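Enquirer: What follows is the residue order along each chain.
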Amino acid sequence: MIYFEKVSKMYDGDSVPALEDVTLSVEPKEFISIVGHSGAGKTTLLKMLLAEERPTKGTIFFESINVHELPSSALYHYRRKIGMVFQDFRLIPHKTAYENIAFAMEAAGRTDEEIASDVPHILELVDLADKASHFPRQLSGGEQQRVAIGRAIINQPEVIVADEPTGNLDPINTFEIVEILKKINELGTTIIITTHNKGVVDAVNRRVITMDRGRVVRDDEKGQYVL
Amino acid sequence: MIWTNIRRVSTAGAKNFARSGSVSFATVLIMTVTLGIIGALIFLSALLNYTLTGIRNKVDVSVYFVTTATTENITSLQHRLEQLPQVSEVTYTSREKALTEFRARHANDQLTLQALDELGGNPLDASLAIKAKDPSQYESIVDFLNTGPALSSSGTSIIDRINYAQNKSVINRLSLAITATQKVGIAVVLIFALASIIIAFATVRLAIYTSRDEIAVMRLVGASNAYIRWPFVMTGVLSGIVSAIIVLVLFLPVTWYVGHVTTLWFGGFDFFAYYRSHIWALSGALLGSGIVLGGVASFLAIRRYLTT
Numbered sequence: 629m630i631y632f633e634k635v636s637k638m639y640d641g642d643s644v645p646a647l648e649d650v651t652l653s654v655e656p657k658e659f660i661s662i663v664g665h666s667g668a669g670k671t672t673l674l675k676m677l678l679a680e681e682r683p684t685k686g687t688i689f690f691e692s693i694n695v696h697e698l699p700s701s702a703l704y705h706y707r708r709k710i711g712m713v714f715q716d717f718r719l720i721p722h723k724t725a726y727e728n729i730a731f732a733m734e735a736a737g738r739t740d741e742e743i744a745s746d747v748p749h750i751l752e753l754v755d756l757a758d759k760a761s762h763f764p765r766q767l768s769g770g771e772q773q774r775v776a777i778g779r780a781i782i783n784q785p786e787v788i789v790a791d792e793p794t795g796n797l798d799p800i801n802t803f804e805i806v807e808i809l810k811k812i813n814e815l816g817t818t819i820i821i822t823t824h825n826k827g828v829v830d831a832v833n834r835r836v837i838t839m840d841r842g843r844v845v846r847d848d849e850k851g852q853y854v855l
Numbered sequence: 007m008i009w010t011n012i013r014r015v016s017t018a019g020a021k022n023f024a025r026s027g028s029v030s031f032a033t034v035l036i037m038t039v040t041l042g043i044i045g046a047l048i049f050l051s052a053l054l055n056y057t058l059t060g061i062r063n064k065v066d067v068s069v070y071f072v073t074t075a076t077t078e079n080i081t082s083l084q085h086r087l088e089q090l091p092q093v094s095e096v097t098y099t100s101r102e103k104a105l106t107e108f109r110a111r112h113a114n115d116q117l118t119l120q121a122l123d124e125l126g127g128n129p130l131d132a133s134l135a136i137k138a139k140d141p142s143q144y145e146s147i148v149d150f151l152n153t154g155p156a157l158s159s160s161g162t163s164i165i166d167r168i169n170y171a172q173n174k175s176v177i178n179r180l181s182l183a184i185t186a187t188q189k190v191g192i193a194v195v196l197i198f199a200l201a202s203i204i205i206a207f208a209t210v211r212l213a214i215y216t217s218r219d220e221i222a223v224m225r226l227v228g229a230s231n232a233y234i235r236w237p238f239v240m241t242g243v244l245s246g247i248v249s250a251i252i253v254l255v256l257f258l259p260v261t262w263y264v265g266h267v268t269t270l271w272f273g274g275f276d277f278f279a280y281y282r283s284h285i286w287a288l289s290g291a292l293l294g295s296g297i298v299l300g301g302v303a304s305f306l307a308i309r310r311y312l313t314t
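So the sequence lines, in the order shown, correspond to chains A and B.
Each number in our numbering corresponds to the 1-based position in the first sequence with 628 added.
Each number in our numbering corresponds to the 1-based position in the second sequence with 6 added.
Calculated from the structure, these hints are not laboratory results.
None of the values given here were measured: they were computed from a predicted structure.
Some hints could be false.
Computed Cβ-Cβ distance ranges for the label pairs, DEER-style [stated by the list, open to error]:
#1 A:766 - B:196: 46 to 54 Å
#2 B:32 - A:841: 45 to 53 Å
#3 A:762 - B:32: 24 to 32 Å
#4 B:211 - A:769: 26 to 34 Å
#5 B:270 - A:721: 50 to 58 Å
#6 B:211 - A:755: 39 to 47 Å
#7 B:216 - A:755: 25 to 33 Å
#8 A:762 - B:267: 49 to 57 Å
#9 A:749 - B:16: 24 to 32 Å
#10 A:798 - B:298: 47 to 55 Å
#11 A:803 - B:215: 34 to 42 Å
Computed list of lysine-lysine pairs in DSSO-like fashion (alpha-carbon distance at most 30 Å, straight line) [unchecked claim]:
#12 B:21 - A:709
#13 A:759 - A:709
#14 B:139 - B:189
#15 A:657 - A:850
#16 B:21 - A:759
#17 A:723 - B:21
#18 B:137 - B:189
#19 A:709 - A:810
#20 A:826 - A:850
We treat Cβ as the ideally placed atom computed from N, Cα and C, and that holds for glycine.
When you get a sec, could you build the whole thing from the sequences and use the hints?
Expert: Structure, rendered in structure tokens:
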């Protein structure tokens with residue numbers, strides 16, 4: 629469903645490319661871990677998929693959509709197909725947990741009835757039903773990340789993209805986040821995460837793509853963390 | 007769906023305003039100062055107008071009639087003067103009334119009254135006091151009197167003299183001074199209003215700058231530009247409304263006090279009376295400025311975060 633074809637990215641002023649000649653494809657319902665050192669190009673790869681950055685060379689397809697040929701007016705529509713989770717959570721600080729999740733539905737033009745029935749359901753899924761009216765500053769890191777995951781899945785996207793989702797979390801919270809992501813994957817959503825946490829990769833125990841200096845150096849089914 | 011969106015945007019804007027406490031406070035503070043300046047400028051221009059009108063009203067041209075002129079002759083001239091487009095008011099003073107006023111004016115001056123008594127009879131002339139709509143128009147009114155013959159039944163002019171010649175240079179200078187004061191007044195008002203508007207714009211830009219990460223997140227979550235923009239515009243509008251209300255409420259004690267202290271200095275202009283009589287116009291002007299200022303500033307400020 630997602631195809632990277634010979635994608636390269638050179639940032640202005642850099643002498644080494646951030647991505648070089650990356651070709652890979654993602655099938656529906658896969659759970660992919662992208663690993664590599666800092667600066668290996670993991671985040672750049674995700675930014676390409678979200679159309680936050682343009683490739684210098686190559687093309688990226690999401691199903692039949694050529695991502696970088698979308699006009700900016702159609703981008704928000706495209707991004708609703710992808711749920712996003714970030715290392716720093718990126719919640720809206722003056723909205724409660726409930727409102728942060730509801731916002732994604734409002735933005736997608738869903739009705740009040742749908743919002744009122746779906747949001748409590750999702751809060752339960754991420755185990756935050758009792759903290760619906762808490763603001764992000766009143767939640768722990770793990771709880772904030774669970775809100776972010778709730779927001780990412782609320783519109784039933786085809787793909788969840790998570791950039792270092794456990795990077796700021798302790799081992800127990802990390803384990804909880806991985807379990808939630810596995811559960812979402814079992815329900816049929818494709819998941820792509822980047823990480824440099826060996827424990828996460830081993831716990832997922834699915835396809836692993838290893839990157840180094842902008843290139844894909846390994847691509848293993850049922851891989852392990854090898855660096 | 008449109009109503010749902012309007013409701014959601016309004017609610018989000020209101021919550022945003024209520025929850026971003028210190029940023030809202032700073033914005034309201036600056037906008038209160040801005041609107042306060044705009045309000046003060048409204049009062050100052052009203053004072054300026056009042057004063058200039060007062061000065062204009064002190065200027066008139068008096069026509070004195072020969073003692074043989076009949077009341078009919080004078081009133082017919084009065085009617086013809088009132089027909090002139092540049093004349094705003096013509097007041098008739100009869101010989102008897104002129105005498106009464108003269109006596110009243112010199113009630114403490116026994117010498118003058120004695121002299122008057124010794125003259126016997128009434129030495130004073132009847133007169134018409136003419137006020138023009140604009141001081142520059144006296145010339146043409148006087149021309150009309152000089153050419154348009156005001157004749158008695160016997161065919162001689164009933165006009166004894168017109169006190170224009172000796173007043174001419176004063177009237178001309180006053181007329182120039184009034185125009186100059188108005189121009190300077192408008193310029194000062196515009197400069198102050200512009201400066202305070204720029205400051206308010208900068209503050210709103212800062213308020214939205216603090217939300218730039220939030221805007222980025224909204225975009226990534228798939229919110230359309232309009233759906234991101236309007237709550238911020240709504241927050242700006244709310245800041246404007248709150249500031250306008252604060253200014254209107256503050257003006258109540260301020261104008262009362264200032265009016266109390268300064269009415270005598272300003273030749274009878276009472277700030278508090280003006281505030282009460284123009285409360286609706288003032289509310290409209292301040293609320294309107296607040297809404298436009300907050301809304302437009304937010305709309306423009308958020309634009310740069312929505313283009314990429």
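Enquirer: Each hint should be assessed against the structure and marked as holding or not.
Expert: Hints and how they fare:
Separation of residue 766 of chain A from residue 196 of chain B is about 49 Å and conforms to the stated range, judged on CB atoms against 46 to 54 Å. Distance hint for residue 32 of chain B and residue 841 of chain A: a CB-CB separation of about 47 Å, consistent with the stated range 45 to 53 Å. Range check, residue 762 of chain A to residue 32 of chain B: Cβ separation about 26 Å, and the 24 to 32 Å hint holds. Taking 26 to 34 Å as the suggested C-beta distance range, the pair residue 211 of chain B and residue 769 of chain A conforms, at roughly 32 Å.
A C-beta distance of roughly 55 Å is found between residue 270 of chain B and residue 721 of chain A, which places it inside the suggested range of 50 to 58 Å. For the pair residue 211 of chain B and residue 755 of chain A, the supplied restraint of 39 to 47 Å holds, since their beta-carbon distance comes to about 40 Å. A C-beta distance of roughly 32 Å is found between residue 216 of chain B and residue 755 of chain A, which places it inside the suggested range of 25 to 33 Å. For the hinted restraint 49 to 57 Å between residue 762 of chain A and residue 267 of chain B, the CB-CB distance of approximately 54 Å keeps it satisfied.
For residue 749 of chain A paired with residue 16 of chain B, a C-beta distance near 27 Å keeps the hint of 24 to 32 Å intact. Separated by about 51 Å at the C-beta atoms, residue 798 of chain A and residue 298 of chain B satisfy the suggested range of 47 to 55 Å. A C-beta distance of roughly 38 Å is found between residue 803 of chain A and residue 215 of chain B, which places it inside the suggested range of 34 to 42 Å. Between residue 21 of chain B and residue 709 of chain A the alpha-carbon distance is near 28 Å, which keeps this suggested pair within the 30 Å criterion.
Of the supplied pair hints, the one linking residue 759 of chain A and residue 709 of chain A holds, its CA atoms being roughly 27 Å apart against a limit of 30 Å. Note on residue 139 of chain B and residue 189 of chain B: the hinted pairing holds, with a Cα-Cα distance of about 19 Å set against a maximum of 30 Å. The suggested pairing of residue 657 of chain A with residue 850 of chain A holds, with an alpha-carbon distance near 14 Å, which does not exceed 30 Å. A C-alpha spacing of about 19 Å is found between residue 21 of chain B and residue 759 of chain A, which places the hinted pair at or below 30 Å, so the restraint holds.
For the hint linking residue 723 of chain A to residue 21 of chain B, the alpha-carbon distance of about 8 Å falls within 30 Å, and the restraint holds. The straight-line distance between the Cα atoms of residue 137 of chain B and residue 189 of chain B is roughly 23 Å, inside the 30 Å bound, and the hint therefore holds. A distance of roughly 19 Å separates the Cα atoms of residue 709 of chain A and residue 810 of chain A; the hinted pair therefore holds under the 30 Å criterion. Only pairs whose Cα atoms come within 30 Å are accepted, and residue 826 of chain A paired with residue 850 of chain A is accepted, the gap being roughly 14 Å.
Comparing the model with each earlier hint shows no violations; every hint is respected.
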